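Chemist: Required output: the full structure, derived from the provided sequences and hints.
Protein chains in written order, with the working numbering: chain A, 233 to 552; chain B, 967 to 1133; chain C, 32 to 528.
Source of the hints: derived by calculation from the structure; they are not laboratory data.
Bear in mind the structure is a predicted one, so any value in this text is a computation, not a measurement.
Backbone N, C-alpha and C fix where the C-beta goes; we use that ideal spot for every residue, glycine too.
Treat each hint with caution, since some may be false.
[What the hints assert, rightly or not] What follows is a set of in silico ranges between Cβ atoms, one per label pair, in the way DEER data are often shown:
| no. | chain 1 | residue 1 | chain 2 | residue 2 | range |
| --- | --- | --- | --- | --- | --- |
| 1 | C | Phe502 | B | Ala990 | 34 to 42 angstroms |
| 2 | C | Phe502 | A | Lys377 | 35 to 43 angstroms |
| 3 | C | Pro319 | A | Phe462 | 52 to 60 angstroms |
| 4 | C | Pro319 | B | Gly1060 | 54 to 62 angstroms |
| 5 | A | Asn426 | C | Val405 | 39 to 47 angstroms |
| 6 | B | Pro1070 | A | Lys377 | 37 to 45 angstroms |
| 7 | C | Gln131 | B | Lys1007 | 38 to 46 angstroms |
| 8 | C | Phe35 | B | Leu1111 | 39 to 47 angstroms |
| 9 | A | Pro490 | B | Gln1096 | 54 to 62 angstroms |
| 10 | C | Gln46 | B | Leu1111 | 25 to 33 angstroms |
[Claimed, not checked] A few chain B positions that, by computed beta-carbon distances, are all more than 10 angstroms from chain A:
| no. | residue |
| --- | --- |
| 11 | Ala1018 |
| 12 | Leu1025 |
| 13 | Lys1030 |
| 14 | Trp1049 |
| 15 | Gly1090 |
[Stated by the list, open to error] To give an idea of the interface, some chain A residues facing chain B are shown, with a C-beta separation under 8 angstroms as derived from the structure:
| no. | residue |
| --- | --- |
| 16 | Pro390 |
| 17 | Tyr547 |
| 18 | Asn548 |
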Amino acid sequence: MKYRHFLGALVAVSATVSLAAEALADYPHSTVKLVTHSSPGGGTDVFLRKLSQHLGPIMGVNFVVENVRGGGGAKAMAVLANSPADGSIFYGTTPSYVNTSLLSSPEASFTDLDPVVNMFYDPQVVYVRANSPYQDLTDVVEDAKSRPQQVIVAVSTPSSLDRQVMEQFQTVTGTEVTILTHDGGGDVILNVLNGTAQVGIGEIAELRGQIDAGELRLITTYTDERLDLFPDVKTAKEQGIDLVVRKFRGLAGPKGLPEDVVTAWEEGIQKLLADPEFKAWYEGEGVIPAYLDQEGARALTAEFATEMKAFFTEYNIQAE
Amino acid sequence: MRGMLAISGVLFALALAYWLGADAIPKSRLGGMVGADGLPKLLAVSLGLLSAGLALQTLLEARKRRRPGAAPLPASETADTDWSGHAKAMGVIGIGAGFVLLLPVLGYVVSVMLLLIAVTAYSGRRPSVQTGLFAVGGGIFFYVLFVHLLKVPLPAGVFATLFSGAA
Amino acid sequence: MDGFIHALSAVTSWQILLAAGGGVLWGILGGALPGISPSIAMALLLPFTYDMSPLMALVMLGSVYIGAEYGGSIPAILIRTPGTNAAAATVIDGYVMHQQGRGGEALGLSLTGGTIGGLFGLILLATLTKPLSDLALMFTPPAYFALGLLGLSIIASVSEGSMVKGLIAGVLGLMLATVGTDPLSGVTRFTFGEPELLEGVHFILVMLGVFAVAELMSKLADNEPDDLVKPDTVSKLVLPSLSKLWSLRRAQAIGCAVGALEGPVPGAGGTVASFLSYNEARRWSKTPEQFGKGSEEGVIAPETANNVVTATALVPTLSFGIPGSNSTAILLGGFLIHGLQPGPLLFSTNPDILYGLFGGLFVANIMMFLIGIVILGPAIWLVNRPRPYLNASILALVFSGIYSINNSIFDLWVVLAAGAIGYVLRVLKFPALPLILGLVLGYMIESNYRRSLLLTQGDHAVFFQNGVSAFLMGCAIVVLVLGAYTEFRRFRREATA
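Modeler: If you want it as structure tokens, here you go:
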């Protein structure tokens, strides 16, 4: 629950055999490092390991996942910024690397890295306990209007996207709810299950077990379109609440990557997203494929950073 | 006794500095009823009061001891004036600081060997072939354990770049 | 009954036995190395489990967890260096026993207590999963706050005779805990722009500084003559006899109860359980004055509790799919990588894996006992080498271990600073434990206090209206009042003497 104190940094290098790959040596390196600040078994770690498994044969490269934990991604960003821009090392990006850069003064920030591609959005969902009276977000809005500050919404960490979107929710809908922050998604689920909070914000992957068991129920998604996995769950947009969260997952590298390397990745990732086995995995995870080439990924990161910066400034959340 | 009064003073100053630090924490509307500075300020006040309490307690005990027939100070109470002992103890921190400074430069293996020989010498074992062997053997042992078995990327230092340059 | 058959079929497979034995051995080694926490030891093995069968992988990860939580007590007893967070309470009496030449006995107690605790926890886990998961759900923010306060109230009993100094140390610990990101608003506090401090001061750093480094410093300050090796009078492992175990039954029962109640609560973990059971064992002991002076109960109670937690901490992971600690987060990763979704349905969809895991972990606990018997003898021999060599090795071990937590030079400075502060506290006769308690519990107390007030719009009555919270607050008040009363009596006695 409280991972705040745990900054275990370690390198779990999976042993790989490099013989088979050398045959297809289009890519300038036979071994490529993928760095994540997530711990082994964590979200981005599992994602990168799956990616290595399926992208390896496509690009003719051996991927090695390295967990560089600590400082909310500050360590990993420093490693990347100090690495050669030759295509031998990349970083699995999530919004937290931008947030860490904005909230502290790390040695290297997200602006010292260059996005390569974007692959997915993690859909942000609103959920309730199975026996809750709420059927969709409109119900929540109505209840919040009749009982200001009485509806309790559980979100994960203070600088998370969940938090930001709920602050926006209040402005957009003209309501006042109580927003309860936690140390991570797991605590949010517990506090929705035990009735401390009436509404929770989270991601599909961590909710799956509870949804399948009928303990929790999705009521709305903050996505552009309804999710394939849950076609009956309305989006916020459909209900007239214009909130869409783009929690991205992509890759970034050191600045100044050669063009052929970027092209190899853009092509490789597009093939990967079409790969049936990989597709089966990510569809089961409930993520939305959202391929963007380097230009698109750069624009996405910049836009996201601007939004977060505005949010942090508005609420006076800043580095000392 | 005078030492303990000085400590109370230091703690009080710490409480004051901590209060000022807490006061400088950016105010955010998202902090809730008790803001980010709530607990820190409470702690600063508590430490201030406790340091005053410590001073008071010290004075009271000293007065009690001055009364005729009071027991002399137990030996353990006077131990804190053993300045050469304290200096020797702080030497450990000095050796440690040396190790931390050398680690990125010399790399893990060499630094650990130096650390091992420095601490054995500091603990009273004059440098000899035996302690040298211990340091070299120990350095290799720790290197194998942490870098190879546990995969900790400890700094390799300048020697690694020399070797890789030659290869 | 089906569960029992699944468990039995698992433990008769040689792969599972191999996974349990190998996992426990690796775990004990990792746990015994300061800085290599149970979760790091597990994470190091995680990549090797990808190609195993799901059951074998999970048994292996679970066995590492069990071994590591036990292994932390070995250096705690022998060199005053807690190998894991939860071994901090074992340091108090375990190391004193070692200094008295009873290190072999202390190790025997911790090994036996740990094994009994681990087996007891597993039986609870297998038979009472549902009630235990209900218990986890009862912990709302006010209850966590009260639990933190109860933990903090231990300060009153560990600093008897110097209450003011104990409280000061506690406040300093709480101050350290405020460093980092504010749990509610997200603003940063006391980080001075240093990203290494964003996630706070890791308490193992402070613990190793205050215990291990400061101990080394005092040893040198006392100027012990070189080569005066005080051999352990019994320089081999001494397992407690059955009658000895029976005489320590109360402490073990307390350890089992605290571990059973604490373990399932996410975020509370083995460290809090160890401290609470140490404190309770002392309160209910017939010889409370022995605590801190080499009490056998003071070793076996926290060690039993700590290993009960290795089993009961799996409750939220298995029944909600929510890990309550870093270690169980990695175990959860082990499930997910093999396509298994822990949660309410796991018990009906994959009972073979679940009960097979219980069976494998049962074997792991027994293997832990056997492996302990083999390796503890050499461990005792090792710490009876000449002092200069031992000093040097401890310092090198502490520095290497610290570096491996975070690959950080910064952390090494933190340990050195903590060592210097720990030494000063020692010289000035400030108890060190309150500092550790404040640092461990500060975050839990503050964040849940503020969350509770958010929930009630500032109404403090919630702490007494919530059942769990009211009960825990009551316990905390009793501890505080008793502590204050003892202190008062001491003053009176001294005044009249």
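Chemist: Flag every earlier hint the structure violates by its number, smallest first.
Modeler: 4 and 6
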